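> Here is what each chain is made of, one letter per residue.
Number of protein chains: 2
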Amino acid sequence: MHAIAIHGGAGAVPRAALSAEREQRYRAGLEAALEAGHQILVQGGSSLDAVTTAVRLLEDDPMFNAGHGAALTRDGAAELDAAIMEGAAMRAGAVASVRHVRNPIELARRIMQKSRHVLLVGAGAEEFALEEGMALVPNHYFRTAERLAQLQAEQRGETVSEIMPPAPRGTVGAVARDAAGNLAAATSTGGMTNKRPGRVGDSPIIGAGTYAKNGVCAVSATGHGEYFIRAVAAHHVCASVEFRGLTLEQAVHEMLHETLRRLGGDGGMIAVDQHGGIVMNFSSDGMFRGARDSRGRHEIAIY
Amino acid sequence: MHAIAIHGGAGAVPRAALSAEREQRYRAGLEAALEAGHQILVQGGSSLDAVTTAVRLLEDDPMFNAGHGAALTRDGAAELDAAIMEGAAMRAGAVASVRHVRNPIELARRIMQKSRHVLLVGAGAEEFALEEGMALVPNHYFRTAERLAQLQAEQRGETVSEIMPPAPRGTVGAVARDAAGNLAAATSTGGMTNKRPGRVGDSPIIGAGTYAKNGVCAVSATGHGEYFIRAVAAHHVCASVEFRGLTLEQAVHEMLHETLRRLGGDGGMIAVDQHGGIVMNFSSDGMFRGARDSRGRHEIAIY
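Protein chains in written order, with this note's numbering: chain A, 1 to 303; chain B, 1 to 303.
These are computed hints drawn from the structure, not numbers from a lab.
There's no promise every hint is true.
[What the hints assert, rightly or not] Per label pair, the in silico range of CB-to-CB distance: (1) E249(B) x E131(A): 39 to 45 Å; (2) G181(B) x A180(A): 36 to 42 Å; (3) H298(B) x G245(A): 40 to 46 Å; (4) P138(B) x A89(A): 27 to 33 Å; (5) R15(A) x G181(B): 43 to 49 Å; (6) T247(B) x R27(A): 31 to 37 Å; (7) R22(B) x A89(A): 36 to 42 Å; (8) A89(B) x G215(A): 51 to 57 Å; (9) E258(A) x E249(B): 50 to 56 Å; (10) E23(A) x L148(B): 38 to 44 Å.
[To be verified] Reference excerpt, derived from the structure (chain B facing chain A, CB under 7 Å, subset only): (11) H117; (12) F243; (13) L246.
Please read all numbers here as calculations on a predicted model, not as lab measurements.
Yeah, the Cβ is synthetic: ideal placement off N, Cα and C, and Gly gets one too.
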């Protein structure tokens, strides 16, 4: 039994504003990431490799808000956050506020596996990347014309969907259970368009946007990150499964539609339980998502 | 009924190595912070004000690893992290990897109260401080001769206690319950001596080193931060109280002596429950700590 789910961000893309052609590009990007992760699991690979690969592909796809095509800060730069966690030994790695790392999820994984640390930020994180032999890229690698137009529209106070193609806000992420029963979660993001430089959301915060614990669940979140941090959302979902006897579906539903709504935030979550059961839920307009498992489930959806 | 507890770091100070004169200085610093927080509660002030004031005094005291007197990075600079959370509305503010903010806990509180964000890091956090009218200070404000000697000893591979007065590693923090029943937690740190620039521990991570939820508990942690992040330690303790029916004492004991020990980390925690019951526990050699409440409890302790 193995299973993988991915997301490509939540909210901010009204159904009516999404052209068939753009929808097709989003679906193709999701399908490519889902297929790559699934194939790793089919071949007996680890959930850790599956979520790393899926997220890396979404980072490379300019349609999604992570890596190439990330949302831009108010200064017009890309500033990236990512985290990864594996549920067997509960090891984790995370990176925040980096500007020159092509695949932040790869750096998060190196931090988990090669350093004594969990979270590195800013220039110190990039120094570690260089020590690890990772080539840095110029910041303009991440910036697309579309994200720049989006930033300018927001700075003029325009509603984005009035003047340009809609794009998901939020993040990308993946969760998986491999045949050995190991769980893993990974999340990567450019953060909010027009964000203040140095602002960090929930994605790289272990327990907030990313969490995995074998025998319980793995979670990756997307949405208004500040609320997910305050609710310690991903860990709270897993604690509700472990200690309250809720199903994963109940725990995710309560978090999104009760706890976070009460705080004032919206977004979505993907999660997988110890048996490979997949939950994908959201309180926003939609969530770019996909799921696939060894029982034959195979879906891509937006709304 | 009101109560406050504070800590000034855990571990790394063998009892035999601590002179009576130095012990007195530590105790005086703890007593001053405890008294200031207590007086705020006596006068009907909020737990949020009490923990802010107590932590600010510990930041200003060069004996403790936060603010002035912070542990230094491998480059010889001070790099500071802090977080604050209040349990009524579950608002939180945090700052990581700042080098020029005299009182990081004040900046964390401004982030909570004046920004739309929870976590700001690096130069972006300092930009916000300036926008808020906070004066920045040169990095050498934080560096003391003792911390520099400690760094040099560690870089030469010497055991610190062999050559110089011992100092607590870890962090400073406070938790409080005010007469209105509101809980709050605050934590501030310079991190690990000889740390890699950009390394962020558990102190500014909501749910790991700092957490507060009215009706449940408020927690501030100190110790080997990477393990506290992976265990989502502070939130896990509160979830154990809320959902498993453990007492706060049981939940803290399990986290420190079972969960974190199994992962390989040590440290300490201070916590207060909804009724003002204080718990202070540690798995390290000692923890600089103090507690005071309206029932007459008043203690300062190290071992």
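> Does each hint fit the structure? Answer for all of them.
Here is what the structure says about each hint:
1. E249(B) x E131(A): 39 to 45 Å: 43 Å, holds
2. G181(B) x A180(A): 36 to 42 Å: Violated: the Cβ-Cβ distance is about 47 Å, outside 36 to 42 Å.
3. H298(B) x G245(A): 40 to 46 Å: At roughly 42 Å between Cβ atoms, G245(A) and H298(B) fall inside 40 to 46 Å, so the hint holds.
4. P138(B) x A89(A): 27 to 33 Å: Check failed, 42 Å falls outside 27 to 33 Å.
5. R15(A) x G181(B): 43 to 49 Å: Between R15(A) and G181(B), where Cβ atoms are some 45 Å apart, the hint holds.
6. T247(B) x R27(A): 31 to 37 Å: 51 Å, violated
7. R22(B) x A89(A): 36 to 42 Å: 39 Å, holds
8. A89(B) x G215(A): 51 to 57 Å: 34 Å, violated
9. E258(A) x E249(B): 50 to 56 Å: Roughly 30 Å apart at Cβ, these two residues miss the hinted range, so it is violated.
10. E23(A) x L148(B): 38 to 44 Å: 59 Å, violated
11. H117: Cβ of H117(B) sits 5 Å from chain A, so the hint holds.
12. F243: 4 Å, holds
13. L246: 10 Å, violated
Hint compliance for this structure: hints 2, 4, 6, 8, 9, 10, 13 are not met, and every other hint is.
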